[in-house]
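Visitor: What follows is the residue order along each chain.
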Amino acid sequence: MKTLKPPVEARQMRGCLAVFAVLWLIGSCVPLLFVAMPLVLSLTSGEAEVSTAVPPLLVTVLFSVPFFLVGVGLLVWSVWPMVVGLRVTRPEVVVSDDAVRPGDTFSFSFRQTFKRAAEMKQASFQLLLRETAIYRRGTDTYTVHHDHVVQRHDLPPRSFQAGETLSDQGLWQIPAEAMHTFVADRNRLRWLILAQVGIGGWPDFKEEYEVRVLPERM
Amino acid sequence: MAKADFLITLQGGDLDGNWPHFAPGSTLAGSVQIVTDSDLRANHVWVRLQWHTEGRGDRDQGRAGELDVFQGVLTAQTPYTYGFHFALPREPWSYAGHYINIIWEVVVEIDVPMAPDLRQSQLFILAPGSLVRAPAAA
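Quick note, the sequences are listed as chains G and D, same order.
Quick note: the first sequence uses the numbering used here, first residue 1, plus one each step.
Quick note: the second sequence uses the numbering used here, first residue 1, plus one each step.
Just so you know, the hints here were simulated from the structure itself, not pulled from any lab data.
For each residue, glycine too, the CB sits at the ideal point set by N, CA and C.
Among these hints, one or two may not hold up.
[To be verified] Some chain G residues well away from chain D (every beta-carbon gap over 12 Å; in silico): (1) 59; (2) 77; (3) 145; (4) 163.
[What the hints assert, rightly or not] Covered stretches of chain G (in silico footprint by chain D; criterion: 3 or more residues with CB under 8 Å from a CB of chain D, positions within the stretch not fixed): (5) 31-38; (6) 80-91.
Isolated chain G, as found in the complex:
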């Protein structure tokens, strides 16, 4: 039996993004400091009047707000899994084998504990082949994905008490005529199990686990 974990790259990327977001937020506040501080000082000392001091302050605020909002958005996205983690633990995902061949069947087990009482709207598990293509147009780099879902398993809504565990297990099969895992610099074919748990009044839990499909046929 093998324990699956989400790709390390995703977590590292979120960590780097969180640091970048904090620096961005600090940077977006710098113009305000350079403009607001002297204005406040001149207003309190009587050297300037409100009618002449407020317009440049307003301009600076209007200029800084979009940058500040972008920083907030980046920070929220980067810490999103931590927010979800306030309600549920990181799941324990176990498979019978994490390297299989086309046509092979493998078992999949998912266990996740609710830290607080919650309503689970739905839970779904999908086995899919993801095509990822990376291309450049000028100086911009684009990444597109296309998922081919080959198997799906849904759980109905139910309530969970604090400390109660969501548990599901089943058998999955890679289609006999399927393609193996392929990873190149700009084109990738990866087999993933996508787990989604909808929590009422809270961000959904969503995680991907990779299964390596070998270039061998049964």
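On the provided structure of chain G, position chain D as indicated by the hints.
Guide: Structure of chain D alone, referenced to chain G:
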């Protein structure tokens, strides 16, 4: 500018649509015949076994084998025939998907000094069965 006619023939393999099909790990044998319209000096005549991707993403490619079959002067209107064989690797398989296609080919290239190289390719399918396509939706 010199021109050349290439005839690449792959031996064996089952026909899958328009392309010959070979199993991973098997041997790919064949021959290439080259006829030039004028005397042509060639630094090398390469026969290469390679794959590349096509589709939405930028191109990835890989080379599984290379043979240097000739160096010298190709006399005009004289057929030159060279045999080749390669051990086919186990991956990647040929694939036709939504954004990505993986294509295998034998490429014959004449390395012409101080001029554009002349090349021709013959596509084939490398897969344990027929051409692998994207799976049907659940």
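Visitor: If a hint holds in the structure, say so; if it does not, say that too.
Guide: Checked hints:
1. Consistency note on residue 59 (chain G): stated as away from chain D, and its beta-carbon is indeed over 12 Å from all of that chain's, at 43 Å minimum.
2. Residue placement check: residue 77 (chain G) keeps its beta carbon more than 12 Å from all beta carbons of chain D (closest about 25 Å).
3. The non-interface label for residue 145 (chain G) is inconsistent with chain D: the shortest C-beta to C-beta separation is roughly 8 Å, within 12 Å.
4. Separation of residue 163 (chain G) from chain D is adequate, the least Cβ-Cβ distance of about 34 Å exceeding the 12 Å criterion.
5. Residues of the region 31-38 of chain G lying with their CB closer than 8 Å to a CB of chain D number 0, which falls below the three-residue condition for coverage.
6. Remark: the region 80-91 of chain G is not confirmed as covered by chain D, as 0 of its residues place a Cβ nearer than 8 Å to a Cβ of that chain, below the required three.
Hint compliance for this structure: hints 3, 5 and 6 are not met, and every other hint is.
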